[in-house]
Amino acid sequence: LDQEIQQLKQKIYEGDGAQKGNHGILDERLSQSTSPASPTKPQPPAAPLVDDRINAFIEQEVQRRLQNIHHKAEDNHVSASWSTESFKDNERHNNSTIQRKLKYERMVCRSLGATPDDLKDPIKISIPRYVLCGQGKDEHYEFEIKITVLDETWTVFRRYSRFRELHKTLKLKYPEVS
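Anchor point for the sequence shown: position 122 equals 122 in this note's numbering, and the numbering is continuous, going up by one each time.
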């Protein structure tokens, strides 16, 4: 960026008819301003105008390039966040798919050391207890339903109406439930 700024300064100086390069003029001005013993030469009236034009042009160019850099950084950040989000979603989906596949493979492919009870009933559903919950009009029974599939067990609490719907659905799918 600094090199490009220096090149732009040099082009402006050359375009204004200046014979010296950028560094020679800057060195001459610095030596004039820093050493009070050196004789001061009157600056030509065009020099301050050229400096102002150069500074304004450089400032515009720097601002434009900074904006470009910021836009590129924002675009990269947005695309990076999109790609990381999609990567995480894909990873979650793949993990859940693999876990489901493994679970069903375990159900289908039982180990040789399985007990005869496991082979007869790989899925067990039981209702060990029920509880009266709520007060007044909201009083209802909640059933504890235990579902066991091979070595995994789930416990679900359901109201009577929800349990009745579940029971009807299970009876339709599995006639041995009724």
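Some hints here could point you the wrong way.
[To be verified] Calculated cross-link-like contacts (lysine to aspartate or glutamate; reagent style EDC-like; alpha-carbon spacing at most 16 Å):
#1 LYS124 / ASP138
#2 LYS9 / ASP75
#3 LYS124 / GLU61
#4 LYS11 / ASP51
#5 LYS9 / GLU59
#6 LYS9 / ASP52
#7 LYS124 / GLU152
#8 LYS124 / ASP151
#9 LYS9 / GLU74
[Claimed, not checked] Here are the in silico distance ranges between beta carbons for each label pair:
#10 ASP75 / ARG164: 16 to 26 Å
#11 ASP75 / PRO122: 29 to 39 Å
#12 HIS140 / LYS168: 54 to 64 Å
#13 SER178 / VAL156: 54 to 64 Å
#14 ASP2 / GLN67: 50 to 60 Å
#15 THR153 / TYR174: 11 to 21 Å
Please keep in mind that the hints were generated in silico from the structure rather than gathered at the bench. Just so we're clear, the structure is a prediction, and the values are computed from it rather than from any experiment. Cβ atoms here follow ideal geometry from the backbone N, Cα and C, with glycine treated the same way.
**Message:** Under the constraints set out in the numbered hints, which ones does this structure not fulfil?
**Reply:** Checked against the structure, the hints that fail are numbers 1, 2, 3, 9, 10, 11, 12, 13, 14, while the rest are satisfied.
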